[in-house]
Amino acid sequence: MIEKTTPSRILFNILNYSFMIFFSFVCIIPLWHVLMASISDPRGLMAASGVLWKPIGEATLRGYGMVLKNKSIIIGYGNTVFYVVFAAVAGTILTTVSGYLISRKNFRPAKFLTLFIMFTMMFSGGLIPTYMVIKGLGMINTRWAVMLPGVMNAFYIIMMKSSFEQLSDSYEESARLDGAGPVTILFRILLPLVKAGLAVIIMFTIVLQWNSWYPASIYLPRVREYWPLQLFMRELLIQNDTAKIMTGTDAAQAADYTANLVKYCVTIVGTIPILCVYPFAQKYFVTGVTMGGVKG
Amino acid sequence: MAGKIKKVKKASWRHDFLMNKGLYFLMIPIILYFLIFNYAPMFGLVIAFEDFKPTRGILGSNWVGLKNFIDFFTGPNFFIILRNTLAISLLGLFIGFPLGIVFALLLSELKILRFKKTVQTISYLPYFVSTVVIAGLIIEFCSSNGIVTSLLVVVLRIPRENLLTNPDYFWAINLISDIWQGLGYGSIVYVAAITSVSGELHEAAAIDGATRLRRAWHITIPGIMPTIVTMLIIKCGMLMNVGFDKILLLYNPSIYSTADVISTHVQRMGIENAQYGYSTAVGLFNSVVGTLLLFISNYLSSKFADQSII
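Protein chains in written order, with this note's numbering: chain A, 20 to 315; chain B, 18 to 327.
No lab work stands behind these hints, which were simulated from the structure alone.
It cannot be assumed that every hint is accurate.
Quick look at which bits of chain A chain B covers, simulated, 3 or more residues with Cβ under 8 Å [stated by the list, open to error]:
hint	segment
1	64-72
2	101-111
3	220-228
4	246-253
By construction, the Cβ of each residue, glycine as well, lies at the ideal position given by its N, Cα and C atoms.
Start from the sequences, fold in the hints, and give me the full structure.
Put into C-alpha cells, the structure is as follows:
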C-alpha cells in the first residue's frame, strides 16, 4: 500500500514508534530491576531506592549461591519440574485422545461426549465441592491432588477436536481400507499432522503448571516436601516469611540483609525457565491463541 | 456420480462398537475422569443447602434450604463484595478490553516489520511471569519506600504510605497490573485478525481521502468485529471470576473493603474458616451468575451482531 508521507503521518509515526519503545521498556523494566537487584551488594540494596539500571555496589552472585544451595528451593524446583513434565505428557496425551474421540464422525458416542465435556466448561461445582471430592478420595496432602485435577482441560480438548476435524477425511478412509483400527489411525497417521495443536497445548500447559500455586496451597498445606517452587516463593515474597526458608548458616547471614537479596534471586530463579521457553514457543503461541480465541 | 445423493446410514451400535473398539475403551477413563473431577463436585453443591458438618458428611448434615443464600444476601458484606467484584471486572472490561484493541491497531500501523515483531514479543513477556512474582513485585514497589510509591508522592503529592494498605488505591493497582500483564497477550488475537482485513478496502478508502482514523473505525474494526465479539462474550462469562489469585496474594484485612471479591470471600469462609455450607452457596451463586452472563451475552450478540459462540 502506498503511503502518503504527509506531516500528520510522520507525526503519527513518531508518536507511535516512541510509544512502542516506551511500552517495551515498561514491560521489561520491572524484571530488569529485579535482575539487577539480585546481583547487587546486599547492604547497598537496603539503602537504595528507585529503579536499578545497574547493580548497586559490586556485582555479586552471593544471593544465587545461597538460593541454589537452599534445600527448600531445590525441593521446590524438583517438584515443579516433576509436575510440569507430568502435566505436559499425561495432559497432552489425554487431551489429544479425547479431542480425537469426539472428532470422529463415525463414532456414535462422539456427540454426547462433546456435550459432556463442553458442559464442564460452562458450569462447575466450585471450590468447596471439588475440595470435598479430593478429600474424599484421600488425596489431600498427596501429590495426586496437584497432578490429577487439572490434567485434562476441556478447552484444549475442544481445540484438538478442531485440529482433527480440519484434517481431510481421506486419511482415515484409506487407512480403514487397509484394515487399521481407530487407535492405530490416531497414533500412526493423524498425530503427526496435528503437531501444531500439540505444540500449543504442551506450551500452555508448561507455562500454566510452572506458575501454578493455588491448588498446592489448599491441597498440600502441611507437606512441604511436595510443594512446587511457586509456593515457596509465595512464602518468601508475599508472606515475607524468610525464617522458614533460611535456616542454619543462612540464618546467621540473615542479619546481613541477605534475606532481601535472596528474594530477588529467588524471583529470577523461578522465572528464568519460562523466559527461556517463551521465545521458542512464540511461533506456536500466536497460532494457539488465535486458534482458541483466548486462553483465559 | 452426479445426481446421486450418498445416504449416510447410521451404523448400529454393534457395528459401531466393532469398528471402533479401541475408541470405546479409551472413552472409559476419560468419562471416569470427568465424572470424578467435574461432575461429582456438582453433586457436592447440595452442601449449599445444608448446615454442613464434616463429621456428619453430606448425607448426615441438616437440610436448611436457602438459609445459606439468605445469610449471604443479607450479610453485612454482601453489597461491598458484590460491588468490588463488579467494579473490578467492569473496570477491566471497559478499560482493559478496548486498550487491547487499540494496542493491536497501533501495532498494525508499524510498518517496519522487525520492530513490530520485537515489540510484540516483548509485550507478551509479562504474561508469562507468574502471579506470585507479580504480586511480589507489586508489594515491593508499593511499599512505603517503594518505587511506585515514591513516584506518586513526588508527582501526585499523595501521603507516603504502603499503597496496599489504603483501600482507595486497590482498584487502580489491580487494573494497572492486569493491563501490564495482559495487554500484549490479549492483543495477539486482534493483530492476527487485523492482518486479514482486506487491504483493498483500505486502498480504496485511502484513495477516497479517508484518514487513518476513519479507516480504522470504518474498515478495520468492522472487519475484526467477529473476533472482538467472541472475546467480549468470553470476558462477560468470566466476569464473576475476576483475577482471583492475584487478589488473594495482594489483599489484607485493611483493604477488604475494596479488595474482597466473591471468590476471595468463598476462599476465606470456606477453606480458612471451614464454613462449608455457606461458602458453597456463595460459590454456587457465583457460578450460576457467571453461566447466566455467558448465555445472556451470547444471546445478545447473536441477536445484534450475528455472532455467537454457543
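Violating hint indices (sorted, rising): 2, 3
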